[in-house]
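Based on the provided sequences and hints, a complete structural model is requested.
Protein chains: 2
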Amino acid sequence: MSVLVVGSIALDTVKTPVEEHTDLLGGSTCYASVAASFFTTVNLVGIVGDDFPTEHIDYLRSRKIDLAGLQIVPGKTFRWSGEYMWDLNTRETRSIALNVFESFEPKLPGGYERTPYVLLGNIHPNLQHHVLDQMKRPRFVIADTMDLWINNTREELLRLLTRVDMLILNDSEARMLTGQTSLIKAAAQIRDLGPAYLVIKKGEHGALLFGPEAQFFSCGAYPLEEIHDPTGAGDTFAGGLAGHLAAQDHGSVTFDTLRKAVVLGSVMASFNVEAFSLERLRTLTPADIEERYQTFRRMSQFEVPAL
Amino acid sequence: MSVLVVGSIALDTVKTPVEEHTDLLGGSTCYASVAASFFTTVNLVGIVGDDFPTEHIDYLRSRKIDLAGLQIVPGKTFRWSGEYMWDLNTRETRSIALNVFESFEPKLPGGYERTPYVLLGNIHPNLQHHVLDQMKRPRFVIADTMDLWINNTREELLRLLTRVDMLILNDSEARMLTGQTSLIKAAAQIRDLGPAYLVIKKGEHGALLFGPEAQFFSCGAYPLEEIHDPTGAGDTFAGGLAGHLAAQDHGSVTFDTLRKAVVLGSVMASFNVEAFSLERLRTLTPADIEERYQTFRRMSQFEVPAL
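Protein sequence lines, in the order shown, are assigned to chains A and B.
Residue numbers are given in our numbering: position 38 of the first sequence equals residue 30, and the series is strictly consecutive.
Residue numbers are given in our numbering: position 272 of the second sequence equals residue 264, and the series is strictly consecutive.
By construction, these hints were calculated from the structure, which means they are not laboratory data.
For every residue, glycine included, the Cβ atom is placed at its ideal position computed from N, Cα and C.
One should not assume that every hint holds.
Said to hold, decoys possible - As a list, the in silico EDC-like pairs of lysine to aspartate or glutamate whose alpha-carbon atoms are at most 16 angstroms apart:
{"id": "1", "chain 1": "B", "residue 1": "Lys177", "chain 2": "A", "residue 2": "Asp79"}
{"id": "2", "chain 1": "A", "residue 1": "Lys7", "chain 2": "A", "residue 2": "Glu266"}
{"id": "3", "chain 1": "B", "residue 1": "Lys68", "chain 2": "B", "residue 2": "Glu84"}
{"id": "4", "chain 1": "A", "residue 1": "Lys177", "chain 2": "B", "residue 2": "Glu218"}
{"id": "5", "chain 1": "B", "residue 1": "Lys177", "chain 2": "A", "residue 2": "Glu11"}
As the list claims (entries may be wrong) - Calculated Cβ distances over 10 angstroms to all of chain B for the following chain A residues:
{"id": "6", "residue": "His13"}
{"id": "7", "residue": "Gly41"}
{"id": "8", "residue": "Asp79"}
{"id": "9", "residue": "Ala89"}
{"id": "10", "residue": "Arg106"}
{"id": "11", "residue": "Gly171"}
{"id": "12", "residue": "Ser174"}
{"id": "13", "residue": "Leu175"}
{"id": "14", "residue": "His197"}
{"id": "15", "residue": "Arg272"}
{"id": "16", "residue": "Arg290"}
{"id": "17", "residue": "Ser292"}
As the list claims (entries may be wrong) - Just a few of them, taken from the derived set where beta-carbon distance is under 10 angstroms, the chain B residues facing chain A:
{"id": "18", "residue": "Trp78"}
{"id": "19", "residue": "Lys177"}
{"id": "20", "residue": "Ala179"}
{"id": "21", "residue": "Lys194"}
{"id": "22", "residue": "Gln207"}
{"id": "23", "residue": "Ser210"}
{"id": "24", "residue": "Cys211"}
{"id": "25", "residue": "Leu216"}
{"id": "26", "residue": "Glu217"}
Structure representation (structure tokens):
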């Protein structure tokens, strides 16, 4: 089955202690769509200006991502510039130019409204609502969010939580949203707000998955020696997760499918941070994914199953 | 097989944001010995003053811990007092009175020198050396340590690393010892210093196990809702780990046995922090341990093994 991915498309300037690159392909839609495309077909919804390089469009199309939902309008593409500190864990936004993204109204082209899986990438909750308003009973809706929306558009976000099956956010955002220091308590509180499933990302410490009936899964992080650019890690995580779910659809989403989806999201994110922009994903193969997935299995296993 | 446990025995005063208790049974030997005693027989080595309550000695003996190595000398027992901050993650030592512990010279009683498994609890590296000097070819030696020894007795600690099979320390200590921010690089560097195996504890984020040939295991932390007293978490972790290893001895220690030992260490630590001092361990049953171990299995598993 297909997954619909909506979010931002950007040209990023990224500075790390070691390197700086300008006008890189970025934005939550791009990272998430490309990650999901390793598992299933993707319907992309986003907006770019007429300065958006044709090569990027060609690349997305080469990933068999449907671009009927890509609006190309007069003006400049959204630009973001950020700098990572020495440990690559802290990031400062240096500049944001919304440009054409400011007037983005995600309009679904015909056929998209019945896409069974929906990933609402990290954008303003009202845009996420607007997409859901156009959908016809999707099977599973995942929303990503960030501190900006928790702080500035809390009401809209809370209303969104009643409309989604899964929320993805990081540990500091879960604490910010609930005022709870214990992630276990924060998770229970967020699930009470609506989503049956919740993923709390913990960066280098992995991710936690919470579900109904106290179901719980703890996923370790892949032990990377070298991180070159953390940009898009959360988006590739969400994209890989959603892509696997859609690909595995057997009529319903089970907690066991979700466990594996969280691992595959982690696998995709672990590749993504190995290079700037989407560079690592460009050369990634299904065999690479399978190999790292098996490494995850080995590193998490502590009892050889009885035969 | 048995495990020899050496370390401190203390009467602790512990203050959390909620409660304060004085003269609690504590010290690395007590926590580690009691945790290990759920899995195997323990030879304890430690020192107390003649003020040490008989009830504590009776309790240790009731756990079938051999106390031939317990020195009871005139004077006062080691006292430690600490306070935990609001999130229970930061701790301040309020006072230390070494008392009889200052003149502690761990002397092994006859028979102890052939104990196959050795856990050198968190004490001055020279005392750890002194124990090893008396041992006859132990099968597996584990050393615990802390920031104090890394900073103040670095040479003695580095020399100890050439004499042990496994080192246990926490993430900040691994970074402090090596100057590496990446735990993967820090682990490689520490293993180069001697120990074939290394455990890096990450508090609420679990623990990492490293071994020869890039063997790696990532253990999640048990999702506790309420932590009452983190004192002794590291010691019960080490004790549970060492106890399981000794109990499972089949002639050699394998990486698979170590994986399970790390999980059982985490299980023991997760119980210990549920109450002050060793209170939770006093009521703990093998069935409790088995139940939580199965919870760990479920929360870490992401692919139902093919039958």
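Violations among the numbered hints, reported as their numbers in ascending order:
Of the numbered hints, 3, 5, 8, 12, 13, 14, 16 and 17 do not hold.
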